[in-house]
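Undergrad: Chains as they are written, first to last, in UniProt numbering: chain A, 1 to 715; chain B, 1 to 715.
Calculated from the structure, these hints are not laboratory results.
All figures in this text were calculated on a predicted structure; none of them were measured in a lab.
Be careful, since some hints might not be right.
With a straight-line cut-off of 30 Å between C-alpha atoms, the simulated DSS-like cross-links for lysine-lysine are [stated by the list, open to error]:
hint, chain 1, residue 1, chain 2, residue 2
1, A, 516, A, 67
2, A, 451, B, 287
3, A, 516, B, 514
4, A, 702, B, 287
5, A, 527, A, 513
A few chain B residues that don't get close to chain A, going by computed Cβ distances all over 12 Å [what the hints assert, rightly or not]:
hint, residue
6, 21
7, 95
8, 97
9, 171
10, 193
11, 446
12, 450
13, 564
14, 628
15, 634
16, 699
Restraint ranges, calculated between C-beta atoms of paired labels, are given here [said to hold, decoys possible]:
hint, chain 1, residue 1, chain 2, residue 2, range
17, A, 481, B, 510, 29 to 39 Å
18, B, 599, A, 697, 20 to 30 Å
19, A, 598, B, 413, 36 to 46 Å
20, A, 562, B, 48, 45 to 55 Å
21, B, 48, A, 302, 16 to 26 Å
22, B, 706, A, 302, 58 to 68 Å
23, A, 302, B, 93, 40 to 50 Å
24, A, 705, B, 682, 36 to 46 Å
25, A, 240, B, 666, 31 to 41 Å
26, B, 310, A, 435, 23 to 33 Å
Built from N, CA and C at the ideal position, the CB exists for glycine as well.
There are 2 protein chains.
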Amino acid sequence: MTSMVAGINQIIKKNGLPKQVLPEIFSRKDIFPDLHLLDGPLKVYRSQSSFDWRKLRLIVEDEESWKLRYKVWNFMENNPLFFRSHETLPLDVQRHQATKRVYTLYNEKFYGLEEYMERPDLSGKYSSAMISYDPNVSVKLSLAFGMFPNTIRTLGSDRTLDIVNENLNAENAGSFALTEIAHGSNARGMRTTATFEKETKTFVLNTPDFEAAKCWVGNLGKTCTHAIVYAQLYTPDGKCHGLNAFVVPIRDKKTLLAFPGVVVGDLGEKIALNGVDNGFVLFNNYKIPKDYMLSKTGDVDDAGNFISQFKDPKKRMGKSLGALSGGRVGICEIASTYGVKAITIATRYAAARQQFGPEDSNVEYPVIEYQAQQYRMLPHLAAVYAVQFFSTFIGKIYGDMTMKLLMGEDMATAGMEIHALSSVGKPICAWTVRDVIQECREACGGHGYLKCARLGDLRNENDANCTYEGENNILIQQGSNFLINTRAKGWSAFGEVSPLGSVDFLKNGEEIKKLKWSWTQTNVAMKPENLLTIFNWICVHLLERTYDKVKQLQASGQSQFDIRNNSQVFYAINLAKAYGHRSLFEVFYQKVQSLTPSPERDVLSKLLSLYGANVIVNNYIGTLYEGSFVEMGLNVCEILQSGILGILPILKLEAVTLVDAIAPPDFIINSPLGMSDGRIYDHLKSVIYQTPGTFERPEWWKDISYRDYIVKSNL
Amino acid sequence: MTSMVAGINQIIKKNGLPKQVLPEIFSRKDIFPDLHLLDGPLKVYRSQSSFDWRKLRLIVEDEESWKLRYKVWNFMENNPLFFRSHETLPLDVQRHQATKRVYTLYNEKFYGLEEYMERPDLSGKYSSAMISYDPNVSVKLSLAFGMFPNTIRTLGSDRTLDIVNENLNAENAGSFALTEIAHGSNARGMRTTATFEKETKTFVLNTPDFEAAKCWVGNLGKTCTHAIVYAQLYTPDGKCHGLNAFVVPIRDKKTLLAFPGVVVGDLGEKIALNGVDNGFVLFNNYKIPKDYMLSKTGDVDDAGNFISQFKDPKKRMGKSLGALSGGRVGICEIASTYGVKAITIATRYAAARQQFGPEDSNVEYPVIEYQAQQYRMLPHLAAVYAVQFFSTFIGKIYGDMTMKLLMGEDMATAGMEIHALSSVGKPICAWTVRDVIQECREACGGHGYLKCARLGDLRNENDANCTYEGENNILIQQGSNFLINTRAKGWSAFGEVSPLGSVDFLKNGEEIKKLKWSWTQTNVAMKPENLLTIFNWICVHLLERTYDKVKQLQASGQSQFDIRNNSQVFYAINLAKAYGHRSLFEVFYQKVQSLTPSPERDVLSKLLSLYGANVIVNNYIGTLYEGSFVEMGLNVCEILQSGILGILPILKLEAVTLVDAIAPPDFIINSPLGMSDGRIYDHLKSVIYQTPGTFERPEWWKDISYRDYIVKSNL
Ligand SMILES: Cc1cc2nc3c(=O)[nH]c(=O)nc-3n(C[C@H](O)[C@H](O)[C@H](O)COP(=O)(O)OP(=O)(O)OC[C@H]3O[C@@H](n4cnc5c(N)ncnc54)[C@H](O)[C@@H]3O)c2cc1C
Ligand SMILES: Cc1cc2nc3c(=O)[nH]c(=O)nc-3n(C[C@H](O)[C@H](O)[C@H](O)COP(=O)(O)OP(=O)(O)OC[C@H]3O[C@@H](n4cnc5c(N)ncnc54)[C@H](O)[C@@H]3O)c2cc1C
């Protein structure tokens with residue numbers, strides 16, 4: 001097929017105008033629709049922007065990524081099972097729908113093992129495509145057919161391969177059961193037991209009480225057949241060998257009835273993600289074959305002896321829980337997906353919604369024309385770009401690392417660094433998007449409070465990102481620990497622990513420490529490279545300050561446990577957040593650096609400055625003064641503020657187009673406030689008028705005029 | 001009736017031990033249950049606190065207020081119509097339930113006109129009692145039987161009194177229709193018309209198009225019989241006289257069917273408050289009697305001439321919309337109610353939930369023992385107290401003012417001040433509680449994500465507080481306008497515009513401006529009076545800075561409209577917020593000052609310091625340096641931080657008891673995580689096990705094992 005674009009490219013190539021060569025993929029009108037032709041209130045903004053949104057789209061994500069996304073989205077749009085409704089459906093219907101959609105999607109094998117081997121980084125984009133449609137489907141699918149078999153592959157042996165093969169054909173469906181009612185972050189304290197019985201060569205699973213019930217397990221409530229269960233392993237000699245993982249059959253594959261000895265139930269309604277059946281389970285002398293232990297990190301022989309290559313039980317547990325690290329990387333992409341949707345809806349709404357205008361005139365301005373509204377939207381738009389670049393970056397390095405591990409390379413150092421980086425990156429992405437969505441919700445005024453606007457759903461869905469895959473506040477401590485422990489070995493040690501480059505700059509900590517603010521002109525201070533210097537200094541300062549605090553607590557004789565807990569507030573927490581903020585900024589910075597000069601690079605560069613300056617103004621001004629980075633009399637707050645105020649009206653003209661570059665199609669946006677034509681009232685009317693019952697008198701109308709149900713109290 | 005307490009009081013009085021006299025009301029075991037006798041994890045914290053929670057309870061709100069609250073709550077608990085369920089009910093059922101509850105409560109006349117005349121300030125507490133049970137009931141009731149008749153009373157004439165009298169007997173039910181699809185904040189731009197027709201002595205209502213449909217109107221969707229409608233008034237000469245209010249019959253009182261000419265419908269699902277039927281309406285040559293114009297601010301005579309005592313149409317509209325100011329005051333109380341519930345749940349959970357403990361020990365600590373968790377809870381607990389004191393204060397002065405107005409006093413100056421104060425107070429309360437709820441949600445980890453934990457509901461409900469009764473970001477401009485306009489007349493002008501005392505301090509602006517930070521010791525800097533000085537300086541500095549900006553924009557020749565819009569970000573907005581923060585702090589401060597020395601006063605004083613220091617650290621450190629309030633080298637950030645760190649472990653011991661003093665009963669809390677006995681797992685188990693369907697196989701189980709619904713795509 002030769003499209004028109006391809007044809008033009010041919011001609012252009014011949015005539016030697018390489019600058020105007022348009023990529024072949026631009027002819028894909030699903031991915032690159034003619035937005036500029038759409039009539040409506042966004043047209044004027046689209047015509048004012050300085051760059052080609054299609055080119056930016058390919059800077060944000062590459063062709064393969066967009067193709068994969070649209071493969072999934074187009075399939076959904078063409079299958080009636082994926083129709084969209086604006087109403088809250090009954091809980092059971094939500095689960096039913098999600099389940100059917102999961103099997104239908106899995107059956108399509110859009111992104112299987114083969115695709116994974118070629119482009120492991122696209123796994124996040126595949127999830128993102130599903131999530132932007134509906135996170136329920138993605139969560140259920142990735143637990144049942146991703147995390148479950150992957151954990152068995154990583155931690156299991158040949159004896160559990162059958163289960164993996166069945167899973168590949170959707171003959172079973174898995175879940176991952178770590179959390180208990182009374183133990184979440186503190187996995188070590190879990191109390192489900194697996195006792196080896198020599199005679200029957202089985203493990204006997206027991207749950208001492210409700211508090212030790214496994215809970216929150218996605219797919220466990222109604223639909224899974226198997227679970228990976230973490231339990232305290234006891235050998236016949238009565239010794240406990242800590243948490244180990246087992247594959248545990250939960251329900252009959254055909255009848256879906258739970259096996260005797262398994263009391264399994266549904267956790268009930270949640271704030272969101274109600275298509276996912278999170279469940280709990282209690283075991284009562286429930287026996288599973290010896291082969292079902294995932295034995296890579298530790299095994300039991302027929303005689304009942306525990307064997308492991310890891311002497312230290314903590315290390316063993318670390319290895320066995322290692323399967324979790326990919327989850328954190330995934331959350332960055334999930335958060336990014338939500339952020340993109342929210343900012344798309346709110347930006348388009350702000351450009352379409354008119355309110356007020358100059359006195360004594362009948363003109364009304366789109367609210368995006370107001371400085372106050374610009375400052376509510378544009379820094380968040382910049383933040384969404386930052387999160388998007390970061391999630392793509394960390395997805396890529398995680399994918400690369402996994403590949404190299406499979407090829408047998410030693411990735412221990414990179415593994416440590418990605419552990420630390422994802423432990424700050426996941427919380428920062430989740431929190432950033434939390435704030436993006438909230439502001440978008442409020443910025444859309446009353447209509448933003450409609451359920452069909454979707455901002456409430458997005459908020460409720462992203463909320464879980466702050467908690468699962470490691471509670472944000474607990475997780476972030478992993479980042480500061482890494483920095484403090486490395487710092488204890490001297491600044492130079494950072495040169496050795498950072499193959500991925502996230503903390504490499506700290507090897508120059510001693511010099512960075514001595515830096516001072518040296519920019520009096522706004523446009524100089526706002527340069528990305530100078531903002532990066534500021535972030536570097538902030539990290540060094542907060543690390544030094546926290547390290548001093550730790551030493552001081554050590555000197556006062558506190559235990560390790562107490563030192564860690566008592567150095568959090570204003571110290572380790574701020575340090576970890578700064579590491580996260582700097583990482584997002586730096587990834588964005590490197591991305592811009594990698595581009596050849598172009599209008600797209602220019603606009604990204606402004607967005608980057610806005611992101612950086614705004615993060616500093618809102619979080620670190622006190623730090624800059626407190627650490628004497630700034631000389632007295634120098635009003636750096638004002639310098640950065642005026643930098644931000646200068647960028648707002650420029651980016652206002654680009655905002656709609658910046659959103660076009662990252663937005664999914666209207667079928668996915670599914671909000672009358674955020675459609676690509678910006679015709680907010682037409683879409684609102686259409687949703688409201690077509691909702692069943694809109695104009696009907698309720699069946700219970702008599703309870704308004706004849707109130708026989710009122711029983712007067714005799715209090 | 002002589003209770004035991006009363007008897008003891010008698011004896012004590014005789015024996016001259018006045019310090020131990022216990023108020024009679026302590027014998028009310030519903031209001032003052034024996035919390036210290038409850039077995040469970042909270043017992044140890046209750047035994048450690050330094051003060052009597054019952055005494056604090058009476059400091060927070062007086063006897064009458066608590067009695068009214070418990071009258072409502074006890075009635076509900078004893079009426080099966082007010083049973084509680086944890087599941088999301090279908091939309092129609094939510095509306096039905098809310099409607100029946102409204103009529104049942106209204107029938108009880110817990111707080112009618114008589115009670116209002118005696119204690120107008122208790123109107124907020126009455127609403128609060130309902131809201132803490134379920135905001136739907138309160139919103140519907142106060143629109144139907146509060147705002148509707150009150151607006152007619154205020155703006156109407158004798159000709160509309162019949163409607164008010166019918167309303168008193170619940171023979172009609174009202175709503176308040178101002179907002180249109182395309183116009184919210186900008187009321188002046190609304191397009192619904194009311195044209196006077198001489199021949200028929202009627203007003204003919206018309207809605208030009210969907211964009212001009214009245215919308216968001218609570219009770220309009222399904223249940224009201226009448227609406228107050230704001231429309232552009234046209235006289236037969238074709239002249240427009242601006243927005244005026246009319247009482248408009250919507251539905252037949254008996255059949256609940258809409259009248260011909262009225263197209264009325266339901267706006268559909270919202271983020272929350274789904275028991276309230278928010279609706280929209282379009283009029284098509286719909287005639288209403290001339291008498292139905294609310295004619296106090298302007299009238300039309302039989303000949304079709306418009307008559308008004310207000311020459312300036314803007315002033316007339318201001319008067320006619322004046323009915324809205326009470327709403328803002330009400331929101332402060334609503335936000336306070338949500339905040340109390342959220343912090344109660346999260347504090348009790350933090351004291352009951354154990355996680356981690358010293359290495360190599362089996363002890364686990366309640367998470368409130370960790371500094372990080374303390375800093376997530378305690379400043380928010382302090383903020384809830386601040387909001388609660390502020391909402392009580394503003395409710396009181398608003399009630400007083402309304403009474404004086406009724407007695408014919410001229411309250412113009414106080415009216416202006418309360419307008420400004422409520423315009424910053426409402427947003428600050430709504431936003432403060434927004435942040436309280438979000439942190440509480442996250443602080444409860446996974447279980448906080450259960451719907452039955454209620455934190456998601458609270459967040460979704462409070463969310464509306466940011467938007468209705470004046471969109472926060474628009475509203476807050478009223479506060480900064482007031483300050484800037486007064487400042488333009490010189491600092492001394494503040495002495496004349498502040499009968500309520502909220503900006504009186506600014507008359508000393510010139511001196512305050514010269515103040516410098518002068519405290520090197522943490523415990524001195526943390527004293528409430530010194531924190532108040534800091535807030536004073538911040539307000540003065542930001543006012544001066546904003547005023548300068550305005551003058552500068554004026555000098556550059558910008559229009560009034562542009563000046564206002566271009567002085568918002570980093571200037572007017574920060575100023576308005578600071579005015580709000582200072583007001584909350586000052587009301588709290590005055591409250592503490594008014595108390596005689598006692599353990600209750602001591603703990604409140606610490607809470608106050610924590611609130612103030614934390615607001616400053618998180619919002620104004622940059623301002624302090626930027627405005628040179630702080631000399632270089634003085635590390636004020638560290639001073640305040642160490643003050644906060646010092647207070648945390650002290651207030652940790654008081655937190656559970658501080659919450660007891662403000663918490664509603666368990667029936668109202670209705671969250672397994674937040675019950676007064678702290679037995680979180682027992683309550684969780686009970687909720688989960690008793691939810692219908694928990695252990696059942698879904699009816700659609702076959703769709704898991706036999707997947708005949710899958711249609712393979714042929715893409
Ligand atoms: C939607 C959803 C899906 C989930 N899916 C699964 C699943 O499929 N499988 C599974 O096994 N689990 C699942 N989980 C559970 C999830 O992993 C846990 O909720 C998470 O690990 C947090 O643990 P927790 O809830 O027990 O919080 P806790 O550990 O109890 O923490 C409670 C609070 O205490 C604080 N805290 C705890 N310790 C400290 C400390 N030392 N210092 C300071 N503060 C502290 C925390 O920060 C938090 O605010 C899911 C959860 C959710 C919400
Ligand atoms: C739950 C609920 C119940 C309600 N009940 C009622 C009711 O009973 N009766 C009724 O009449 N109404 C009701 N409303 C409507 C409510 O009063 C309006 O939503 C509110 O006034 C805000 O107006 P808007 O939604 O049109 O926002 P808009 O005015 O359109 O504002 C949209 C956005 O633009 C921004 N913006 C607008 N102008 C400017 C400017 N000049 N400078 C900077 N930014 C600007 C705003 O800050 C906001 O973020 C209700 C709303 C809700 C959510």
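Undergrad: Each hint: holds or not?
TA: Each hint tested on the structure:
1. Our distance criterion of 30 Å between C-alpha atoms is broken by residue 516 of chain A and residue 67 of chain A, whose separation comes to about 47 Å.
2. Our distance criterion of 30 Å between C-alpha atoms is broken by residue 451 of chain A and residue 287 of chain B, whose separation comes to about 34 Å.
3. Proposed proximity of residue 516 of chain A and residue 514 of chain B is supported: the alpha carbons are some 29 Å apart, at most 30 Å.
4. Under the criterion of a C-alpha separation no larger than 30 Å, the hint pairing residue 702 of chain A with residue 287 of chain B is consistent with the structure, at around 27 Å.
5. In summary, the hint linking residue 527 of chain A to residue 513 of chain A is supported, as the alpha carbons are separated by about 20 Å, within the 30 Å threshold.
6. With a least CB separation of 29 Å from chain A, residue 21 of chain B remains clear of the 12 Å interface cut-off, as annotated.
7. Residue placement check: residue 95 of chain B does not keep its beta carbon more than 12 Å from all beta carbons of chain A (closest about 7 Å).
8. For residue 97 of chain B, the requirement that its beta carbon stay farther than 12 Å from each beta carbon of chain A is not met, with the minimum near 10 Å.
9. With a closest Cβ-Cβ approach of about 9 Å to chain A, residue 171 of chain B is found to fall inside the 12 Å limit, against its non-interface label.
10. Distance check on residue 193 of chain B: its Cβ is at least 15 Å (rounded) from any Cβ of chain A, clearing the 12 Å threshold; non-interface status holds.
11. With a closest Cβ-Cβ approach of about 5 Å to chain A, residue 446 of chain B is found to fall inside the 12 Å limit, against its non-interface label.
12. At roughly 6 Å from the closest C-beta of chain A, the C-beta of residue 450 of chain B falls inside 12 Å, breaking its exclusion from the interface.
13. Its closest Cβ contact with chain A, about 10 Å, brings residue 564 of chain B to no more than 12 Å, contrary to its assignment away from the interface.
14. Non-interface call for residue 628 of chain B relative to chain A: violated, since the shortest CB-CB distance, roughly 8 Å, does not exceed 12 Å.
15. Taking the minimum C-beta to C-beta distance to chain A, about 10 Å, the non-interface status of residue 634 of chain B is violated against the 12 Å cut.
16. Distance check on residue 699 of chain B: its Cβ comes as close as 8 Å (rounded) to a Cβ of chain A, failing to clear the 12 Å threshold; non-interface status is violated.
17. Here the CB-CB span from residue 481 of chain A to residue 510 of chain B is close to 51 Å, at odds with the stated 29 to 39 Å.
18. A beta carbon spacing of about 59 Å between residue 599 of chain B and residue 697 of chain A contradicts the range 20 to 30 Å that was offered as a hint.
19. Between residue 598 of chain A and residue 413 of chain B the C-beta distance comes to about 60 Å, which lies outside the given range of 36 to 46 Å.
20. Hint check: residue 562 of chain A to residue 48 of chain B, Cβ distance near 20 Å, so the stated range 45 to 55 Å is violated.
21. Taking 16 to 26 Å as the suggested C-beta distance range, the pair residue 48 of chain B and residue 302 of chain A does not conform, at roughly 54 Å.
22. Distance hint check: the CB atoms of residue 706 of chain B and residue 302 of chain A are about 39 Å apart, inconsistent with the given range 58 to 68 Å.
23. Against the hinted window of 40 to 50 Å, the Cβ-Cβ separation of residue 302 of chain A and residue 93 of chain B comes to about 59 Å, which falls outside the hint.
24. A hinted range of 36 to 46 Å for the beta carbons of residue 705 of chain A and residue 682 of chain B is consistent with their spacing of about 45 Å.
25. Distance hint for residue 240 of chain A and residue 666 of chain B: a CB-CB separation of about 39 Å, consistent with the stated range 31 to 41 Å.
26. Checking the proposed 23 to 33 Å range against residue 310 of chain B and residue 435 of chain A shows it is violated: the Cβ atoms sit about 44 Å from each other.
Consistency note: the structure conflicts with the earlier hints numbered 1, 2, 7, 8, 9, 11, 12, 13, 14, 15, 16, 17, 18, 19, 20, 21, 22, 23, 26.
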